[in-house]
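S.K.: Chains as they are written, first to last, in my numbering: chain H, 266 to 352; chain C, 1274 to 2120; chain Z, 52 to 455; chain W, 167 to 362.
Check the hints yourself; a few may be wrong.
The calculated DSSO-like cross-link candidates involving lysine-lysine, where the alpha carbons are at most 27 Å apart (straight line), are [as the list claims (entries may be wrong)]: (1) C/Lys1592 with H/Lys282; (2) H/Lys316 with C/Lys1592; (3) C/Lys1369 with Z/Lys193.
These are calculated hints, taken from the structure and not from any lab test. Note that the structure is a prediction, hence the values are computed from the model and not measured.
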Amino acid sequence: MLIPCPWCGDREDIEFKYGGAAQIAYPANPDSADDAAWARYVFFRPNPKGKMAERWVHSAGCRRWFNLVRDTVTHEITPTPAAEERR
Amino acid sequence: MSRLPEGGRIDRSRPIRFTFNGHTYQGCAGDTLASALLANDVRIVARSVTYGRPRGVFSAGSEEPNALVQVGSETMLRATQVELDDGLEAASLNGKGRLTSEPETARFDKIYAHCEVLVVGGGPAGRSAAQSAAQTGDRVILMDEQPLLNSDSDGLPSNVRVLLRTTAFGLYDQNLVLAAERRADGGRLWQIRARQVVLATGAHERPLVFANNDRPGILLAGAVRTYLNRYGVAPGTRGVVFTNNDTTAPLASDLRSAGIAVAAIIDIRREQAIVDTDGDDDGLRAVTLAGGDRIECDLLCVSGGFNPTDHLYSQAQGKLRYDERFACFRPDGKLPNVTVLGAANGEFDFAIQPCWLVPGTNGDWSAHFVDLERDVTVADMQRAVNAGMRSIEHVKRFTTIGTGSDQGKTSGINEVGLVGALTGQPIGGVGTTTYRPPYVPVSFALMAGRNRGDLFDPIRLTSIQPWHVAHGAVFENVGQWKRPWYFPRHDEDMEGAVQRECRAARENVAIMDVSTLGKIDIQGPDAVEFLNRIYTNAFDTLKVGFGRYGLMCKADGMVFDDGVVMHLGPDHWLATTTTGGAAAVLDWMEEWLQTEWPELTVRLTSVTDHWSAVAVVGPQSRDVVHTLFPAIAVDTQSFPFMAIREGETGGIPVRLHRITFSGELAYELWTPSWYGLALWEAVMAAGQPLGITPYGTEAMHVLRAEKGYIICGQETDGTVTPQDLGMGWIVSKKKPFIGQRSHRRGDTRRADRKHLVGLLPVDGEQLLPEGAQLVLDENTSAAVTMIGHVTSSYRSATLGRTFALGMLQRGRERFGTTVYVPLNGHVVAATVTEPIFYDRENVRRDS
Amino acid sequence: MAEPHPHPNHLWRNPEPKRAYDVVIVGAGGHGLATAYYLAKNHGITNVAVLERGWLAGGNVARNTTVIRSNYLWDESAAIYEHSLKLWEGLSEELDYDILFSQRGVLNLVHSLGDVREGRRRVYANRLSGIDAEWLTAEEVKAFCPIVNTSPDVRYPVMGGTLQRRGGIAKHDYVAWAFARRADEMGVDLIQNCEVTGFELEGNRVVGVQTDRGPTAAGRVAICAAGHSTVLASMAGFDLPIQSHPLQALVSELLEPVLNCVVMSNAVHVYVSQAHKGELVMGAGIDPYISYAQRGSPHVIEYQLAAAIELFPIFSRAHVVRTWAGIVDVSPDASPILGLTPIANLFINCGWGTGGFKATPGAGWVYAHTIAHGQPHALNARFALERFTTGALIDEHGAAAVAH
Amino acid sequence: MIAEAIRRGALADYAERFTTLYETAGSSVSIRELPFLAQLNLRVDAGDTAVMGQVTDYLGFSLPLTPNTASQAGDRRALWLGPDEWLIVGPDDQATSLEQALRGGLGGAVGSVVDVSANRTVLEIRGSKGHDLLAHGVPIDLDPGAFGPGCCAQTLLAKAQVIIERRDEAPAFQLYIRSSFASYVADWLLDAARAL
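Throw the hints in and build the complete structure from the sequences for me.
M.R.: Next comes the structure, spelled out in structure tokens:
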């Protein structure tokens, strides 16, 4: 795949590491999370068939994390306006 | 000889000698092996894989299902694609390749290319597409699998790069095209990123399915024309044409002008058919017509229509639809930035009456070949359908049709038509099987390119490597690094060397290259807060000029990595990581910093390769350091454990750290890697009067285990918490850190978790194997419950005995008890101890 | 001259779906078909439909590299895979279908001291669990599989290996078809081209499924959909800690016999065997990103073939004739999730990652038990979804590395 | 002056092999190591114009703000590495003065300066086939139209991370290679050069 780094432009996927689903917030107060809520944070992630907001890091390049939306069926990538959103 | 007196794009002035199955023949420059064999009247080129039936050249290109040959160590080549070369030695195959283990002489290259427009296929459609694309000044690549363009190659503008003998075999996401180039000395793999891909890949002619349709002498009609016109070869003397379409119209005159008698033209559209063929050891002799007439011939030219070559388009998830008019599947809709042109797009101009099978004379379908390479017949397909199969994929898997190295290029659409006919489904509803890369077979060697031998994976080396090599080190792979494992002297074995190296570290002074440790420079006003969140322990109180050991967990609470964190100055820190964990830890830190804690102002910079690091270890290490750095006070009050100093010796700038991974008095000396070798040599020279001894990773492991220091990845395996390791002391209760919440889960609070323990074999000579399991019952004849395992085990020169570390269920409750280690055929008893065997009070470390 | 045709004359009916079944299994892959078979055979439950959105056995069972072994690290894993291996050993006879099960030995090569330690740990644990396991030195590796390059001069020399002689391969399609045929014989309806589009719930209880061919009532519903598990679970209203990744594999042309066993190398991500007809079947590492596209990145294949030639120089001139990818359902601890769901009468079997094929009979057997009894068998009790909440994972990453 | 005897470039042992390559390649490509360059990693908030101005003043030229470009003045250069990160390169023995200049430029503002001079060595690939040689292992487009003078990029060469820079119109590339990967990259280039 060709991954659009918001800084470096399109680069081969071998330059990147995958960060899974985007917008998964660390619990504001882990201590008040019960076991089930904590387990959701640690182990459960979206796994959609279709468009997915996900994170990549340009590990062999500028080392920046960013977001994009990729279709998990066609691998078509839509850069998002919030690409520089890193979570 | 069946070489025509004139014609063809071959060079008759350059005869080429070659051998086939041990016989010597002669062809011309420009011949393929297939054309040269036909020119020499060699009709049987191979035998079929299942039935051993004789087979001859069937096509003139990469779709060839029959003429599979061995050329030296190259196996399963298509005679239709092997360019004739002086001294070529080829042999028949029986449908299976023969691998040989001859030393590699060929070279396989790999190259990236970029262009605005890539045109695949150098026929008229492709050529004109390339020409018009080039007008804008864009970079254009025009690629064809033949050694010459099937169109005028002159006059192409200079911004068109023409790649011949190059077959595009894969179209991947966002127009990455992989292509294989055949080169005289091997091959080259092209990886081309193209903004636009133009597929002008033409169409494959398909045969007709009738009884005994596989004999040598039966060729695709278009291939016959290619042999006549391009190679100047007559593939027979008396020909019959069997067709269902009018693309074969020019064939008769081509045959006649080559001096080949045209015995009959059998056209399904005129309700004619060939229902069987006869032959002998040399191939086709006659055909039988519906109605019983028999016609003698040695050449049968068949055409059942054309299949657009849409493999690349379809690989990239392009949709196909069935076109009733031309009886073929053609592109339906568009792929982004891909254009399909000409015959590949189903742009035909001929009339055809589809025909998927021609009944024989006796109701037997077992010699109606559909897939010549895999020897699949109509009878096989009937069996699949009768068993309940409806899906084309099931029929494929049941019969193996289309699974040969030709991937069904000539059989695929006939298969679809036949499944439709046998199950009563419309052909468009049957659909095709899925096209997958590669379009043509690609050798493993080509895909591997130059990533072989030492270049298979980077070898990472420290600046001190030349010394290690010169001094006979035996190396260990640690990740991508080569690290000295031990330094044997003379005839010493590993155990002897390690014992000696350990004694030197404990008794006088020893030296180790620790440059491979990961090193991360950390700066910023929030560095302390950052470290506090990353590590389980706190760094608030650590003064500038000192280091502190730190441990980190993943969110699941399990130990991830460890190392020493140095406080170098205001808002300036440096963290070391394990050798194997360096990249992962930096990634981990950056991920949290960038994605989760953007409010923290902290900057990370990898400095792993900037620093070379030398550990000087042992009771006399202070003397060595003093010799090298007379200006630095080295007494323990002035330079205490975990303190950091800056110094210089003989022009070498050095940062000194009083750090130990052995439990001995020890120093780590860091210098920019340019000076690494000089520093090492300086330390060796200074320590020489004291008998300074270089040591490797094995002695390092023994020394740290004697002190009960863990190694992440050895004592831990992703299932171990700090508490399990007896390291609750390093887990802060006062501040949050990653993984903290997981330590409160039910499972991590279980009393019966496994704990790190020491293990002393009752017989102090007995070395427990690492990985051995621990049980409570000496009698292991019945089913036993495993309650732990040995993580580290060594023979200790210092202790004068063997010892081990292990993870043991309720281990800390079992100190002083005996556990058992079942080995192959016997059981060894070991006493459970605290996981520390040496200098429990840290007297030596702090001395 | 003709090769004997290995298949029965009849495999299955192609029935229309009924309006109601006792059990509806979603997914006619290897596991779904095996589950249907064992429901019928072991528990007498035959009013069963297996609904398949595509063609039967067309997902991961049709795409995997067919390695069968049971030498997993942890007791729980070893037990369920060994149960499966024992079933494999009688399967051709039991199903009256030659599934080409060949116990030619599975050799796991190790290339580092850390690998040696973990390999031996697994051998010791397996032997105490009654699973055949041997540690081989590099010389013994060479003797067992002579074409392995055991030279010390290569980039990552072979330092030894573990061997499970009872491990081997089987013909994937035939396994699925054999289960399908027997299930069909006992009355199970195998319904192809029937996609489940939703679940009928009454309160917290499932009572049926919606499909693109209409609704079907069901006493119990069992999801068996590998990479599509989360898609189905979210239709039913619960989440699974599963990520779906491409796992690529490839096959060579037919070759004269060259490789006599299954060889795996976790360190360099190669696993390879030579199928009975002669093609080399190889698997690669998992592509890192989520995908349902059944294709992966070509550099994964390039890396894998370079690794293959390092281990087997003789493979240099073999050709790749086809590459493809399955959609593997990866769980956080590389172990399956097999048991109850938060919804009554709805069951889940997923998370096998790269280990699904070898577990086919065993997973079907315990899943059928779980469905029939409404609670897990002892063999799968520890594989509950609940473990991610308590933290009692069965982590097969560290030791088994790649759990192929 | 630094005693040369105690410093050693990461590819000190390759000089002869590089010379042989130049001879066998008919001078169409040459490789040489440029060791001991001063290299400083600078992190600073590019949006803080005041600080950026100060850095410019201390450095004598402004930092490039366009990704994957470099700026220069005299023998000093700045390579864009990230939106808040640059590699400042100067001649041997200027590490200390550069570090002081950068710290002066930061003037106590948030940022970081790290001496990474020995973290990477630099290889210069020069000659008409230099681009072709790199294309064997570098996935990005190095065509002058896409990667002209003043361009730099962090990318891969085979399996090693590298920074590639094209300084001017001359057919030459600078490769910044981590020291521990240097011999791998050199071996790789020498092998790939055989396919030119």
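S.K.: Against this structure, judge whether each hint is valid.
M.R.: Tested hints:
1. C/Lys1592 with H/Lys282: Given pair C/Lys1592, H/Lys282 is violated - Cα atoms ~31 Å apart, limit 27 Å.
2. H/Lys316 with C/Lys1592: The given pair, whose Cα atoms are some 20 Å apart, holds under the 27 Å limit.
3. C/Lys1369 with Z/Lys193: holds, 25 Å
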